[in-house]
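> For chain A, the structure is supplied; the task is to place chain B on it using the hints.
There are 2 protein chains.
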Amino acid sequence: MHEPAKHQRTSELTQAHIGIIGAGQLGQMLALAGIAMGQRFTFLDPSSQAPAGKLGRHIQAEYDDELALKQLAVECDVITLEFENVPVSAVTSVGRHNQIHPGERALSIAQDRVHEKQYFESLGIPVATYQPVDSLAALEAAVLMIGYPAILKTRRLGYDGKGQALIRSAADLTDAWAQMHNHPAILEKMVPFIREVSLIAVRGLTGECAFYPVGENQHRSGILQRTEIHPADPAQAEAEVYARRVLSGLDYVGVLAIEFFEHKGQLIANEMAPRVHNSGHWTQNGAVTSQFENHLRAILGWPLGRTECIGHSMMLNLIGKMPSHRAILAIPGVHLHDYGKEPRAGRKLGHLNIVGNTQTECRVRAAQVEQLIRHGN
Amino acid sequence: MHEPAKHQRTSELTQAHIGIIGAGQLGQMLALAGIAMGQRFTFLDPSSQAPAGKLGRHIQAEYDDELALKQLAVECDVITLEFENVPVSAVTSVGRHNQIHPGERALSIAQDRVHEKQYFESLGIPVATYQPVDSLAALEAAVLMIGYPAILKTRRLGYDGKGQALIRSAADLTDAWAQMHNHPAILEKMVPFIREVSLIAVRGLTGECAFYPVGENQHRSGILQRTEIHPADPAQAEAEVYARRVLSGLDYVGVLAIEFFEHKGQLIANEMAPRVHNSGHWTQNGAVTSQFENHLRAILGWPLGRTECIGHSMMLNLIGKMPSHRAILAIPGVHLHDYGKEPRAGRKLGHLNIVGNTQTECRVRAAQVEQLIRHGN
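As given, the protein sequences belong to chains A and B, one line each in that order.
If you count by our numbering, then the first sequence holds residues 1 to 377, one letter each, in order.
If you count by our numbering, then the second sequence holds residues 1 to 377, one letter each, in order.
It cannot be assumed that every hint is accurate.
No distinction is drawn between identical chains; accordingly, a pair holds when it is met within one copy or between any pair of copies.
Taking lysine-lysine and the BS3-like style, the derived pairs with C-alpha atoms no more than 27 Å apart in a straight line are [what the hints assert, rightly or not]:
{"id": "1", "residue 1": "Lys-54", "residue 2": "Lys-189"}
{"id": "2", "residue 1": "Lys-70", "residue 2": "Lys-54"}
{"id": "3", "residue 1": "Lys-54", "residue 2": "Lys-341"}
Note that these hints are calculated values from the structure, not bench results.
So here's chain A without its partners, still in its complex pose (with noise of 0.2 Å):
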């Protein structure tokens, strides 16, 4: 026996129940936003410990929780998402109650890279070379089509870069697939990239789409440290040409991320995540709506905000240790973000944002910053 279906609403959701699938700090920076907009929330995590959970009502339950996510989906307007790697049964099972943005499709292609590259493909957006890998001698087999240096990935479940291998040459085979642990993998040729960029996406119910400028970023170890802003950016109108395509292949409906390579002057789509994403996070003191309010007023079919960014901006994450808060706040122009989580090696602890009317003023002030995190407080 199925509640009746909400999925025709045609009133107003103001004060909306929303529904949040995660409850780390995606779901609270969605939730800080929310409230400023009248909103109550109900997360479904199996963390005690999921930062956001304070913000709300907090199911504590396995995704994978039939009787969790029923009830989410029945006592919430709207359901979203702020991790990728949910079971899409979990997105089925709330899809049977309520709405739920985004949906199956942008989840389940999202979640294997070889999707995700195939569903480029078909749209016409260009990517790397690759080949689907699910043993040694598939991994000597696909590295002979596309050369060498490659990198080899797990097709589900990675992030920050863990569950990726780099093969150089040969003799790096054998340790690269020992390290997928037998999970089915995809070979990528290697992108001898000028600069990574991400574009941060969004679509409303409607159909309206909008764009924030582009980021270029920078990782370290696979982890995302730093993304700036470039107000008038010359990859903006290619990235968003694929990005629309993207969205409107899926009728999506929130935030999406998507990263790029640029190389020899062409965007390679790298990956997209479905959801709000640590490139956009900017957005909150660099642009005139935050990629976090422009989720929910899309997922409420509200009209979405504008997104032009104001000034120039840096993005600067906070990765196992927090700087002195009075020596970073010192510096003009810089706001922090913290999670409330603690300390631990390789950990997300916050970002900082920092806003300085010209690219040299942010420059400047974030290469203050980075000076104060290496050296200590």
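Then chain B, alone, in the frame of chain A:
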């Protein structure tokens, strides 16, 4: 037996636990700014329906409940208030155990219109001619000195135009006095002002001061309707000179708002509020750092954030009835802040911050919004 005083604290308050007396929308907006910076909150408020209560621990108790005040003081790292009409004795109680900002002196001055005027005068800040009044006979004597028109106000507990009576001639005296219900009052000469401006000022623990661009306020039936920012307002310099005297004189820590009348090219101080203020809500979307973030940075002993405005801003209060979110948000540059309260005539339910690149753009957008609010949805 007292707990050790924490006044001499030198450590950095990262992931601080902040206590707030009052849990209304100002407490909620403080908490939303603070949670983003890693802080936790406990609120003391007698109402079970207090909007901010769900953003932290809620001690439901009267403002003069000594046990509850002590609990708040000893559990939290630093205490502040969102509401200036808490008994001064509550601040004294908390102050025995821990730091509280603002302190007793600021509060006791701000709670009494006569003390407030005397304090402004002691600093050489112009005020309207006034006389304390505590009987009809005293009112008759006072009006002879002050002349018509004049305004009779209760000395204490007035807000949003409540407890005020306009006196145009001798015929109004008896009625006006009756409206004071025998409470001590103040008779003020009515200033035929051109406009009312307010300055949001902030002072850190180290004495560092910062000032936001002044806002021009419009009231209706005594309730603030809108605040418009002029990035280079001619009243800015004079307002800052006066505010700096007030802040330094009180050794004030945190955000303080001062309302001025502009008359014959000069500012006349009307009143002050020792807290974040409705006329500073535009800073959430229109300034580099919001008044809420800066109040927290101040009381934590952190450096203050930049107070410059970003383009042009207007704040419109949403009173009594919520307009259609979809219609309002379809106008570009509009940000909704909904306090999650039940609608009721005359109640502040939320506000809209409207941003634009030019004054005209901002005004055109505001006019569209006001039309929607007036003519329904």
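> Each of the hints needs a verdict: does it hold here or not?
Tested hints:
1. Lys-54 - Lys-189: neither (44 Å within a copy, 50 Å between copies)
2. Lys-70 - Lys-54: Result: close both inside a copy and across copies, 21 Å intra and 24 Å inter.
3. Lys-54 - Lys-341: Answer is both: 13 Å inside a copy and 20 Å across each meet the 27 Å cutoff.
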